[in-house]
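Quick mapping for you: the protein sequence lines, in order, are chains R and W.
Those letters in the first sequence? Residues 1 to 313, by UniProt numbering.
Those letters in the second sequence? Residues 1 to 473, by UniProt numbering.
It is worth saying that the hints were derived from the structure and are not from the lab.
Predicted model, so just to flag it, every value in this text is computed and none were measured.
Where is the CB? At the ideal position from N, CA and C, for every residue including glycine.
Don't take each hint at face value.
[What the hints assert, rightly or not] Quick partial rundown of chain R residues pointing at chain W, CB under 7 Å, derived from the structure:
1. A141
2. D147
3. L150
4. N153
[Stated by the list, open to error] Straight-line Cα separation of at most 20 Å, DMTMM-like style, residue types lysine to aspartate or glutamate; simulated pairs:
5. W:K452 with R:E81
6. R:K85 with W:D434
7. R:K218 with R:E206
8. W:K249 with W:D119
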Amino acid sequence: MTTAARAAEKQPKAPKKKLGKVALKEERTAYLFILLPCVGFLLFTIYPLLFSVAASATDWTGMNDMVFNGFQNYTQLFQDEKFWKSLANTLIYLIGIPIGMILGLLLAMGMNRKIVGVRVLRTMYYIPVISSLVAVSILWAWVYNYDYGLLNNILRMFFHVQGPAWLSSESWVKVAMIIFMVWGGLGNSIVLYLAGLQNIPRVYYEAAEIDGANAWQKFRHITLALISPVTFYILITSLIGGMQVFVQVQVMVSDGGTNYSAATVVFYEYQQAFESGAMGYSCAIAWILALIILVLTLVNFKLQKHWVNTMDE
Amino acid sequence: MKKVTRVTSLLLSAALVAGSMAGCGSSSSGAKTADGKANLNILVYMQDHEKKVYTKLINEFKKTHASEVGNINFQVTTQDEYNTKMTAAMTSKKLPDIFYVGPDSVRSYVDNGYVMPLDDLIAKNKDVKIDDLWPTIIKSYRYDGSKTGQGKLYALPKDLSTFAYAYNKDMFDKAGIAYPDPNKPYTYQEFLKVCQKLTKDTNGDGKTDQWGASFADSFMLNPFIYGNGAHYLTDDYSKVDIVGQKAFKDALQFYCDLTTKYKVTPTVQEDSAVGPYQRWLAGQVGFYGCGTWDVGAFMDKKTLPFNWNLCAWPVGDSGKTTTWLGTVGYAISSKCQSPDIALQLISYLSTNLNGQKEVSGATGEESIQLPNIMSYAKGDFKNAVKAGKVKYPSNVDVMFNYIGSENNYKGIFTETTYTYNSDWFNTFTDGLTDVKSGKKTVDQYITEIQPKMQKDLDKAIALQNKNKKSSSK
Numbered sequence: 001m002t003t004a005a006r007a008a009e010k011q012p013k014a015p016k017k018k019l020g021k022v023a024l025k026e027e028r029t030a031y032l033f034i035l036l037p038c039v040g041f042l043l044f045t046i047y048p049l050l051f052s053v054a055a056s057a058t059d060w061t062g063m064n065d066m067v068f069n070g071f072q073n074y075t076q077l078f079q080d081e082k083f084w085k086s087l088a089n090t091l092i093y094l095i096g097i098p099i100g101m102i103l104g105l106l107l108a109m110g111m112n113r114k115i116v117g118v119r120v121l122r123t124m125y126y127i128p129v130i131s132s133l134v135a136v137s138i139l140w141a142w143v144y145n146y147d148y149g150l151l152n153n154i155l156r157m158f159f160h161v162q163g164p165a166w167l168s169s170e171s172w173v174k175v176a177m178i179i180f181m182v183w184g185g186l187g188n189s190i191v192l193y194l195a196g197l198q199n200i201p202r203v204y205y206e207a208a209e210i211d212g213a214n215a216w217q218k219f220r221h222i223t224l225a226l227i228s229p230v231t232f233y234i235l236i237t238s239l240i241g242g243m244q245v246f247v248q249v250q251v252m253v254s255d256g257g258t259n260y261s262a263a264t265v266v267f268y269e270y271q272q273a274f275e276s277g278a279m280g281y282s283c284a285i286a287w288i289l290a291l292i293i294l295v296l297t298l299v300n301f302k303l304q305k306h307w308v309n310t311m312d313e
Numbered sequence: 001m002k003k004v005t006r007v008t009s010l011l012l013s014a015a016l017v018a019g020s021m022a023g024c025g026s027s028s029s030g031a032k033t034a035d036g037k038a039n040l041n042i043l044v045y046m047q048d049h050e051k052k053v054y055t056k057l058i059n060e061f062k063k064t065h066a067s068e069v070g071n072i073n074f075q076v077t078t079q080d081e082y083n084t085k086m087t088a089a090m091t092s093k094k095l096p097d098i099f100y101v102g103p104d105s106v107r108s109y110v111d112n113g114y115v116m117p118l119d120d121l122i123a124k125n126k127d128v129k130i131d132d133l134w135p136t137i138i139k140s141y142r143y144d145g146s147k148t149g150q151g152k153l154y155a156l157p158k159d160l161s162t163f164a165y166a167y168n169k170d171m172f173d174k175a176g177i178a179y180p181d182p183n184k185p186y187t188y189q190e191f192l193k194v195c196q197k198l199t200k201d202t203n204g205d206g207k208t209d210q211w212g213a214s215f216a217d218s219f220m221l222n223p224f225i226y227g228n229g230a231h232y233l234t235d236d237y238s239k240v241d242i243v244g245q246k247a248f249k250d251a252l253q254f255y256c257d258l259t260t261k262y263k264v265t266p267t268v269q270e271d272s273a274v275g276p277y278q279r280w281l282a283g284q285v286g287f288y289g290c291g292t293w294d295v296g297a298f299m300d301k302k303t304l305p306f307n308w309n310l311c312a313w314p315v316g317d318s319g320k321t322t323t324w325l326g327t328v329g330y331a332i333s334s335k336c337q338s339p340d341i342a343l344q345l346i347s348y349l350s351t352n353l354n355g356q357k358e359v360s361g362a363t364g365e366e367s368i369q370l371p372n373i374m375s376y377a378k379g380d381f382k383n384a385v386k387a388g389k390v391k392y393p394s395n396v397d398v399m400f401n402y403i404g405s406e407n408n409y410k411g412i413f414t415e416t417t418y419t420y421n422s423d424w425f426n427t428f429t430d431g432l433t434d435v436k437s438g439k440k441t442v443d444q445y446i447t448e449i450q451p452k453m454q455k456d457l458d459k460a461i462a463l464q465n466k467n468k469k470s471s472s473k
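Isolated chain W, as found in the complex (with noise of 0.2 Å):
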């Protein structure tokens, strides 16, 4: 008896102790099923609405390849824990087959080895067809070594995003104002008129209710900015360069000056209270940025219960429209084991149509991003638009121009995507408050904040040369 008791115990702490290691590592990537099928791991961070689509779109996979393919494990993360989760991944050196990557980040993941260049792969592969996605998303994901635009291709585009600017129609049927042409962008002072016409005090109580536009500094000023013609670093990325740039100085000080001097957004106190979103939701401003993320929710009643449609960016100096892109992309790891199988998979979430279909709306659900196939998103899906088969603005070209910088559009990856990490615009954003708020002028902000972001870019500089260094080794 007492023996059975010892052996129980013994088996009973060996399988704790067990058990608590089990957690330190899974298995490892790229692994093969007993009969030599591939398994993939693949990792990346969604919402859950875009999550249902991709389950099913792998799931759709994995029947159309069981010959193939063994286990997927499809692991869905938050945007906020990928980046925690993807560095104890590299510590351990278990990075799943896939995973996301964006234009921000290719460079790094590149210069440590971690990514693997898809161009022979697809070479060898028939099946998988890159010419027909938009070109400047597919450069993005080229990286030669030493700059991000040109050189092999390292990932698929899950996505491409632009950041356009909407508008809310019902109040400018109200005012009585047309509404803007989306082919001719408007200037600085017709976008201001315009503003101060939207910009009122509705129930007469001497505060205003509403307003022209409500900007949130750290995605809405760069199109004022980039649109001026301006920019914040040298053509290298080596140097903050803001002081004695009067397309800079001449933008911000307009920028601010909706708010100080013309008042035609909420102060600084009031957009502390209710953040520009939340007053675009609730109809009380004008314009308010618009990504192709936003459209789905945009498009729904309950969400926005007035009447919306797409235009451009107020245009300064330049002459074109300017606004950012985005995309995040699909790499494979350097380790994978089966990376013909895992270009398949990839190609497939990033190309399929069906899948483009489903992801774009064009199936009758919300739109959760713009077609990857640019064919087809310029010739059904737009017809489909115009049509009203699809839940989209009627200005849908407004999202193309921007994407393909076409006519006197221009989208553009922000210079943080070119350098380490974004400290240097967090800088320059964070005390941007004070001069919003009248404490400090336009001049004395940028003459005082260049020194510092300067800081802040030597450091990023040195830790991607510390990046590099250390991959050549």
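Next comes chain R alone, as it looks inside the complex (with noise of 0.2 Å):
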């Protein structure tokens, strides 16, 4: 530690020798008002974790005493073709995360042009994100109806062909699930790439011109490069997001698909809890998901300084 650290430690410490009666009175006056949210946040979040992590390793069925079994769980979890099966599809819809980022950054440019109607679009794309997730899975629900469905009339009609059964099929449902995601999370990649392609001062542009780069070079080494740390941050929050998928699935094929096909982790360990009466075992699947999470995200942490541009470099 440099010792301007070590001065700056300090710091804050001598004034507070100082402090009256009056202050003093008002600083326990001020840990009583940030007592509730941190009550709420022992209580309502570190208790609940603290619990699950517990009833993972026991026999817990939700209704009758909790006896530990050790890692028993854990084990069983590796030999559940269901959990693999759940996993691989939940893996699989994530392929929408980059397709989203890549429509997203491709929209943002354009909305970042002054063309008419820019306010209407920006609203337009951003309504599904504003709106009840269970809503607009009913909605889609239905753009994905085999016979009457949006989107297979508009197949018939300009291409004359007969759309797929979207959500009954085991591999369609997938491409219909990720399509779905992707117009979802669209809204909100987009308004995120735009206030980072504001924030790219027009000098770099114009020096890059007198330099001789042409279009591609300017987006590869000025806008890509500059937007770096909003496509971390949107890669980031869509991994850990699309990993807990579970509203769409419940409400677009509540029976999990043909054969297991759309359900996804959360999923399973929503339907082992409630419906099957093994609240231990799930509980375990939560822990091991949130194991993939972490990891996935520790990995693109240790990733990020080879592509990530910050103002520190």
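Starting from the two chains in their separate frames, assemble the complex, guided by the hints.
Have a look at this one:
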């Protein structure tokens, strides 16, 4: 630690001694006020979290007294076909993330220009983000309807082909979910990218032009490079969110799909807890999922120094 | 002035903290009012129109028992949320005094000591009469520590239901086919023939627009399986037993052939576009399963614009048309402090004649359920149906035959009732579309699915044993 840092650390301590009676009381009152969210956090976040760690090592059915059974739930998990299937489905759905990011960036670049009705467009793309996920899922279930759905009707009208049974076919259901998720996440990434794009000073582009850079080079070395923190943020948050997909499946394919082809890990977790009565087991699934998400996030943070540009450098 | 601010802020934050804590636990169950009257908490799931009737009944009970009853907290949730709420109640050890238990969960509730046996209470209480309730249903709430169906009684039925078959009369008229005889169920071949006559391309575009039947596998397959004398599990519910069981294979083959070979039902894709229920409402299919809970809606011309009546499910080699029964009952928490009053209340909801008239539609409203009281159901209620005074299809006997397993009818609880969960059965129906779309043969499918079902069943049995072990401590 440098001396400067040490000094900086000491500094706040010094005036504390000088605190008067009134200030001290004021400080105590302040603690009282921040107590509330702290208690809430401990009670409603930390406690359930620890509780589920404990429960994951028991044979709890949701009804019985918990009896410790060590890692039995976890070992059982590794031989559980449905768990692996739902995990594989979840990972397949992640394909939507890069697609969504590329589309989001392109649309954001389009909307960053002065074109007519740009505000209306921005609003339109943002609507899915603020809509209720349940309502939107019901809507898309109709879009994907085999006979009467919008999508198959378009395919029939313009291409004269019969579209697939989107939600009951084992492979198409994944395509359907990916399309839906890309659509749903687009608004968010557009807004973030727009903010990122507007932060890039125009002078960089002008300087590059003087140096004779073409459009691609400008995009590659200025735009892409300078919005990499935004890209990183979107990537991390959508990975975490993508691993926890639940509502869409629950609403659109409530039985998990033909041969469990649409089920996600969280969907399986929910079914185990509340339909199969395997609460302890469900907690174990939740923790394995948490672990996977943690590893994914850590890897991302490790890799970021290779491609994310921060102001420090 | 400063002091005032401080005190106020202290009070304020204390109130906030207290407020945030209050959400965690509500009043303890079975508490009494200051003057010693019993307070009761009830948690059930119901639809709005049911809730209306039952709220009325509870208010009446409160009035007639004003000297003993203080406050009745009647909480209604949705069926989806019920399990979640009950799990939370069990975890926090604050069960309501009265709640639903189905025949499929009697075992786990009793094993874990959550519910109270009712026999002694009933013996003490002269007003509570259960002799006249349907025996099959009462039996389903008995449990002796290892088997459901015998032993002590743990709940009084809220309702009883069965899943009969219904047919579209108008469609039969148009095709010039005689109505099905409720006393003589169709054989498989007869059923197929009728379905073939009903399956039509009505507008000549080369696509079928009207089908004989349409099936939702998870609840319409079983009448075929059980009606052919087949089963899924061995008698002790420990092994899946479908491979090598001819009756099972035949029934499943016929059921799938209706779609793949004879094409008298919509295809798998068409099913996924418009579900069987919607097709029935739209008058596109001749037959559809009709639960006792459906009757109210089906009697409404706005829901079903055509004429319809009840009939029996087609019957296989067993000779007995078979379908499944359902019920849910009121149980009393083992921690309840006023079990006598609680018993009187559930008995009022379960066996009160006026209440039963109201829920069965005898007072002119729609029918939510059949009357629990057998003598009334088969006597005055049936006569009122015949006289057209109750909104019910004239073949109401089909329902009664199934519930009482009378004549050549049989009503049973599905095997999932006796296993800890129904994962093994869901696994079976999940992949059945592969057969119905022609990707797999019946033989292939059952050989492939049986070990998977066994795995699920083994897990369920393990969970069930854990339930028992911890309670016997």
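Requested in this report: Would you mind confirming whether the straight-line C-alpha gap from K249 of chain W to D119 of chain W stays at or under 20 Å?
Outcome: violated (43 Å)
Query raised in the report: Holds or violated: K85 of chain R with D434 of chain W, Cα cutoff 20 Å?
Result: Measuring from Cα to Cα gives roughly 17 Å; hence the hint holds.
Query raised in the report: When the nearest CB of chain W is found for N153 of chain R, is that gap smaller than 7 Å?
Result: violated (11 Å)
**Report entry** Minimum beta-carbon distance criterion (7 Å), D147 of chain R to chain W
**Finding:** holds (4 Å)
Query - K452 of chain W paired with E81 of chain R [C-alpha distance capped at 20 Å] - result: holds (9 Å)
Report task. With a cut-off of 7 Å on the beta carbons, see whether L150 of chain R makes it to chain W. Result -> With a closest approach of 13 Å, the L150 of chain R hint is violated.
Query raised in the report: Given A141 of chain R was flagged as interface, is its beta-carbon under 7 Å from a beta-carbon of chain W?
Result: Violated: closest Cβ of chain W sits about 10 Å from A141 of chain R, beyond 7 Å.
Query raised in the report: Holds or violated: are the alpha carbons of K218 of chain R and E206 of chain R at most 20 Å from each other?
Result: Roughly 10 Å between the alpha carbons, so the hint for K218 of chain R and E206 of chain R holds.
Checked against the numbered hints given earlier, this structure breaks hints 1, 3, 4, 8; the rest are met.
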